[in-house]
Amino acid sequence: MTGYVRLSLAMACAVGIGLAMRGSLGDALVARGDEAVRLSRLPDASRYYQRAESVSGVNVQILDRLVLLVLLAPDGHNERTAMVAADALIAQHSHDATAWFDRGLIEWKTRRYRPASTDFQVAYRLSGERRARAFAAIALGRMRS
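So the sequence shown is numbered by numbering that gives the first Met the number 0: it starts at 0 and just counts up by one.
Hints are computed from structural coordinates only; laboratory data are not their basis.
Quick caveat, the model's predicted, so the values are computed rather than measured.
Ideal Cβ placement from N, Cα and C applies to all residues, glycine included.
Please note: incorrect hints may appear among the correct ones.
As the list claims (entries may be wrong) - Computed beta-carbon distance windows for the label pairs:
(1) Arg129 <-> Ala27: 31 to 41 angstroms
(2) Arg141 <-> Ala27: 34 to 44 angstroms
(3) Glu34 <-> Val59: 12 to 22 angstroms
(4) Arg79 <-> Arg124: 19 to 29 angstroms
(5) Ser53 <-> Ala136: 28 to 38 angstroms
(6) Asp43 <-> Val83: 13 to 23 angstroms
Let's have the full structure, built from the sequences with the hints guiding it.
What follows is the structure in structure tokens.
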């Protein structure tokens, strides 16, 4: 084999290994973020989840963690990041009830009750889960009061 063929083969293997390890790296970053949440280090957890999103792309697991941070943080930290992730996931998978429910929770936390109610209703129509319907009714009640 010539040097050029060896170099090409080595590069192809490196790219293949990199793509194969991408999911594992994302999972490891989510695990580190979970540990940071357990230790009440929310800014560290946010950084780990955002890195996981940049490595493996947005998915329901990462979105759930970002929503958890939004709900735990008293200062409204991470709301924009979580909303962007929710919008991206819904754009990719419009029939994912969990993504709609998560986006509704973010909107609820930011006191945008009408869009929250709409998202909860969509989640209910997609999944039939009663909790989504209940959250939609509560959001409508909050909006009227």
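For each hint, the structure was consulted:
A C-beta distance of roughly 35 angstroms is found between Arg129 and Ala27, which places it inside the suggested range of 31 to 41 angstroms. Take Arg141 and Ala27: their Cβ atoms lie about 39 angstroms apart, and the range 34 to 44 angstroms holds. Under the hint 12 to 22 angstroms, the C-beta atoms of Glu34 and Val59, about 20 angstroms apart, fit the expected range. Restraint check, Arg79 to Arg124: a C-beta distance of roughly 27 angstroms satisfies the suggested window 19 to 29 angstroms.
A hinted range of 28 to 38 angstroms holds for the C-beta pair Ser53 and Ala136, which are about 37 angstroms apart. For Asp43 and Val83, the Cβ-Cβ distance of about 20 angstroms falls inside the hinted range of 13 to 23 angstroms, so the restraint holds.
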